[in-house]
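Q: These are the residues of each chain, in order.
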Amino acid sequence: MADTALDHLKANGRIVVVGASLAGLRGAETLREKGFKGSLTMIGDEPYEPYDRPPLSKQALLGMGTAEGTALPRRRDIDAEWRLGVAASGLDMAARRVKLADGDEVPYDRLLIATGVRARPWPNQAEGELDGVFVLRTRDDGVALARRLDAGPRRVLVIGAGFTGSEIASACRERGVEVTVAERADAPLVGALGGVIGAVAAELHRENGVDLRTGIMVTALEGDSTGRVRAAHFSDGTSLECDVVVVSLGAQRNTDWLAGSGLGAGPRGIACDAGCRAFDIRGIVTDDIFVAGDVARSPHPLFGYQFLSLEHWGNAVSQAETAAHNMLSESTDRRPHIWVPAFWSSQFGVSIKSVGVPSMGTEIMITQGSRAERRFTGVYGYQGRVIGAVTFDNSRWLQFYQQQIEATAPFPPPFPTVDRRPEGQKPLPADFPDPSVPTHGPTVTLSGYSPADRRLTFTPAGH
Amino acid sequence: MKQGILSDILDYSNRANPYPLYAELRKTPVFHDGDGPYVISTYHHIQSLLHDPRLSSEARNLAAGAGDPLAGAEDEGASALPPSFLKLDPPEHDRLRRMTNRPFGPPDSPHRVDDMRGFLHTTVTGLIDNLGDPERIDLVDQFAYPFPVTMICRLLGVPREDEARFHVWADTLAASLDPDPGADPKEREKTTHDARMELGMYLAGLIEERRKNPGEDMLSQLAVGHGQDETMSTMELLSTAALLLIAGHETTVNLITNGMLTLLRNPDVLRQLRETPALAVPLVEELLRFEPPVQLLPQRTPLADIEVGGVTIPKGSSMWLILASGNRDPDRFENPDRFDPYRKDIQHLGLGSGIHSCFGAPLARLEAQLALTELTRRLENPRLVEDPPPYRQNAVLRGPRHLRITCDGVRPS
Numbered sequence: 001m002a003d004t005a006l007d008h009l010k011a012n013g014r015i016v017v018v019g020a021s022l023a024g025l026r027g028a029e030t031l032r033e034k035g036f037k038g039s040l041t042m043i044g045d046e047p048y049e050p051y052d053r054p055p056l057s058k059q060a061l062l063g064m065g066t067a068e069g070t071a072l073p074r075r076r077d078i079d080a081e082w083r084l085g086v087a088a089s090g091l092d093m094a095a096r097r098v099k100l101a102d103g104d105e106v107p108y109d110r111l112l113i114a115t116g117v118r119a120r121p122w123p124n125q126a127e128g129e130l131d132g133v134f135v136l137r138t139r140d141d142g143v144a145l146a147r148r149l150d151a152g153p154r155r156v157l158v159i160g161a162g163f164t165g166s167e168i169a170s171a172c173r174e175r176g177v178e179v180t181v182a183e184r185a186d187a188p189l190v191g192a193l194g195g196v197i198g199a200v201a202a203e204l205h206r207e208n209g210v211d212l213r214t215g216i217m218v219t220a221l222e223g224d225s226t227g228r229v230r231a232a233h234f235s236d237g238t239s240l241e242c243d244v245v246v247v248s249l250g251a252q253r254n255t256d257w258l259a260g261s262g263l264g265a266g267p268r269g270i271a272c273d274a275g276c277r278a279f280d281i282r283g284i285v286t287d288d289i290f291v292a293g294d295v296a297r298s299p300h301p302l303f304g305y306q307f308l309s310l311e312h313w314g315n316a317v318s319q320a321e322t323a324a325h326n327m328l329s330e331s332t333d334r335r336p337h338i339w340v341p342a343f344w345s346s347q348f349g350v351s352i353k354s355v356g357v358p359s360m361g362t363e364i365m366i367t368q369g370s371r372a373e374r375r376f377t378g379v380y381g382y383q384g385r386v387i388g389a390v391t392f393d394n395s396r397w398l399q400f401y402q403q404q405i406e407a408t409a410p411f412p413p414p415f416p417t418v419d420r421r422p423e424g425q426k427p428l429p430a431d432f433p434d435p436s437v438p439t440h441g442p443t444v445t446l447s448g449y450s451p452a453d454r455r456l457t458f459t460p461a462g463h
Numbered sequence: 001m002k003q004g005i006l007s008d009i010l011d012y013s014n015r016a017n018p019y020p021l022y023a024e025l026r027k028t029p030v031f032h033d034g035d036g037p038y039v040i041s042t043y044h045h046i047q048s049l050l051h052d053p054r055l056s057s058e059a060r061n062l063a064a065g066a067g068d069p070l071a072g073a074e075d076e077g078a079s080a081l082p083p084s085f086l087k088l089d090p091p092e093h094d095r096l097r098r099m100t101n102r103p104f105g106p107p108d109s110p111h112r113v114d115d116m117r118g119f120l121h122t123t124v125t126g127l128i129d130n131l132g133d134p135e136r137i138d139l140v141d142q143f144a145y146p147f148p149v150t151m152i153c154r155l156l157g158v159p160r161e162d163e164a165r166f167h168v169w170a171d172t173l174a175a176s177l178d179p180d181p182g183a184d185p186k187e188r189e190k191t192t193h194d195a196r197m198e199l200g201m202y203l204a205g206l207i208e209e210r211r212k213n214p215g216e217d218m219l220s221q222l223a224v225g226h227g228q229d230e231t232m233s234t235m236e237l238l239s240t241a242a243l244l245l246i247a248g249h250e251t252t253v254n255l256i257t258n259g260m261l262t263l264l265r266n267p268d269v270l271r272q273l274r275e276t277p278a279l280a281v282p283l284v285e286e287l288l289r290f291e292p293p294v295q296l297l298p299q300r301t302p303l304a305d306i307e308v309g310g311v312t313i314p315k316g317s318s319m320w321l322i323l324a325s326g327n328r329d330p331d332r333f334e335n336p337d338r339f340d341p342y343r344k345d346i347q348h349l350g351l352g353s354g355i356h357s358c359f360g361a362p363l364a365r366l367e368a369q370l371a372l373t374e375l376t377r378r379l380e381n382p383r384l385v386e387d388p389p390p391y392r393q394n395a396v397l398r399g400p401r402h403l404r405i406t407c408d409g410v411r412p413s
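As they're listed, the protein sequences go chains U and H. Here the working numbering is used: the first residue of the first sequence is 1, the next is one more, and so on. Here the working numbering is used: the first residue of the second sequence is 1, the next is one more, and so on.
Everything labelled a hint here was simulated from the structure, so no lab data went into it. A portion of the hints provided could be inaccurate.
Claimed, not checked - Distance windows between CB atoms, simulated: (1) U:Asn12 x H:Glu334: 48 to 56 Å; (2) U:Ser329 x H:Arg411: 52 to 60 Å; (3) U:Glu49 x H:Asp387: 47 to 55 Å; (4) H:Pro214 x U:Gly227: 55 to 63 Å; (5) U:Pro422 x H:Asp387: 56 to 64 Å.
Said to hold, decoys possible - Calculated Cβ distances over 10 Å to all of chain H for the following chain U residues: (6) Glu33; (7) Gly85; (8) Arg96; (9) Val117; (10) Asp186; (11) Ser239; (12) Leu240; (13) Gly262; (14) Gly275; (15) Glu373; (16) Gln383; (17) Arg385; (18) Pro416; (19) Pro429.
Claimed, not checked - With a straight-line Cα cutoff of 20 Å, these simulated EDC-like cross-link-like pairs (lysine to aspartate or glutamate) come out: (20) H:Lys344 x U:Asp256; (21) U:Lys99 x U:Asp256; (22) U:Lys37 x U:Asp109; (23) H:Lys87 x H:Asp108; (24) U:Lys34 x H:Asp345; (25) U:Lys58 x H:Asp108; (26) U:Lys426 x U:Glu330; (27) H:Lys344 x U:Glu33; (28) U:Lys353 x U:Asp431.
Remember, it's a predicted structure, so these values are computed and weren't measured experimentally. C-beta atoms are modelled at their ideal positions from N, C-alpha and C, and glycine is treated no differently.
Chain U extracted, bound-state conformation (with noise of 0.2 Å):
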């Protein structure tokens, strides 16, 4: 076989892995898995090794497991240098280095960015680092937060009921925590479920004694003498005395060390094409850097090639292998990513899953169970085809209604289920509420067609 650049590469290249948890991690495994025998370098601004998060809001709130245990399982070594502790600075395209914060640089052949994101924190940073105020996003925040759930607080706030939120909460009940959760929409998980699931959502909080307040917002946190937070005051003018706020409002991209880098990087993501590859601040794809996991942004075939931006589980790992296989194959041989979104969420002792990207959908059809009973599978439509579907405890159906998404299937469902009830007989609006208003809760965000977020001046060349 000719010794092409390729060969060169995978014999004796240098990879750099930016972001060291799932998306990172499985990336890695996989450029090992696909024959990369070159220098592998794994840099992560968190000082341990790959850990997975969703255990993070769940079991280990309820101290079962602990927040320490969650490292991620291995599927093979990866023979890597580890760069844990230390945060990607900048990057030097037309160089090929990664900068760090510790003034190390750091050269690539192929760069793999899978920087993730953060907890968005609270807005005001004073009152953000009163003792006692908490995010949930690393492993820290959550040895923290279940530490101080341990410890028997009088009463939690958490602000913000999308899923983490909601999951906290959940948590908060199982262990007989007294829970206020405020949310500025008028129910839970609307933003991603719409108001029709978010009122099956609302009865669950309050059924399982959670005190929750809608159409809400929380303006500010006092903190007493000590500087531990001891009430927040609301936007309606009441307040309520607590001693642990969890802020619960969605997630930031990690793009800021890409800015001035001249990579298509902004508060949106970074976005990609189907094949990974990042795109420029021009709109021209690299073919170098590839992106993976929830920084990033890629243009999807069912959902009218609108970038589409997941900060799903599932979605991490597909995207990393699908990049991780690009980076060593020619341009004929490379793949799309055409993940069909999926996720899930435990709360209340209910299982909920999703398939789709419900937040599109205007409309909204029960086609099995009943709300009332919370056990029923929703399925979304927007212009007439199935766009998403949403079960609580019937994840059992969900493959056929991804099948339905996937064929582009009529919307409402023309055919007779079992276990259709008489709320499943005509499709409902969905609600989701108003898209130009800010919301914390969509783990899926379609963010328009451009590849890049600055804009760009288009001059006709003059003749």
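Could you slot chain H onto chain U? The hints should help.
A: Only chain H this time, still in chain U's reference frame:
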């Protein structure tokens, strides 16, 4: 009504090896002839259909006269017992299965199956100790049948002295699942009906007794409820208990027997299992693919006209899903006719899939793993006396009636 390849599959003379017929059938992934059932034989179609909410498992949704040679086998007993959750759709299916699961599996009873390990092991050891003349062993009668029967009776709380009566009822009801060309249908209906009646009467007495003196067994716990908001009616409890008993009687016996038969046909694998008992776990999965105890699911019907592989299957049609054929589909499994316990990609259909997937799967797996490990470890140089062995009549719950083997001796436990 049975034509061509379907009648060949049901024909007893092909019982020992139906797999070439399945391969033939897969050339027409949705097979339909005359007024017979729609027969689905390829992996991906079966897998999809098992998760398809347009399919019903309830006999009442079958159109009158939908050509199913297996239909009516159990419905006739409807006057004796209502349908079990195997033959119900949600929400009734879900409700009954959920309640049945409470004393059996997680989250309410996460240790039930694991806690049976000791008793399983003692039972296996005792049965092997008593095999008698090592040159004349019938593995079915002496081991593969009594083992799971002892287990299911123990689990449900059926007194051991009643097992012989169960044997007769379970055999009759399992046979009713099978289209026996020779039998007089009227006669068979009556036999089946009587067996369900007698089983129901017996169980009713037992449940009555357990309600007064509840024990640790499942029947007691189902009878007294778990203090939850929903409980089973007595009739539902009878149907459920009958289902568990028959399923416990008639499936694992085939899994174990098929397993030993397959191991004796693959002496290399048998040796590897003896050397590495941990191989039993993937080996049983491969066995569920290679020789599944339930060959086909004959009781699905679409609630609307549906399209499968370009064929429209009309509402109310009878459908058969040939699990054993899907398991040998070369579009899904490499070298599907090779028994390979090291196979990595092993998402078989042997225990079904979707809401009706095998309820007793954790127990069946554990029983088969333990049985094959211990037989392999203790039988010295086991050989088949005849190959193929004689099979049961049943094409659905397919397995040898006898498995005569000989060996040089039985090692002490």
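Q: Among the hints numbered above, which are violated by the structure, and what are their numbers in rising order?
A: Of the numbered hints given earlier, those the structure breaks are 1, 15, 18, 20, 23, 26, listed in rising order.
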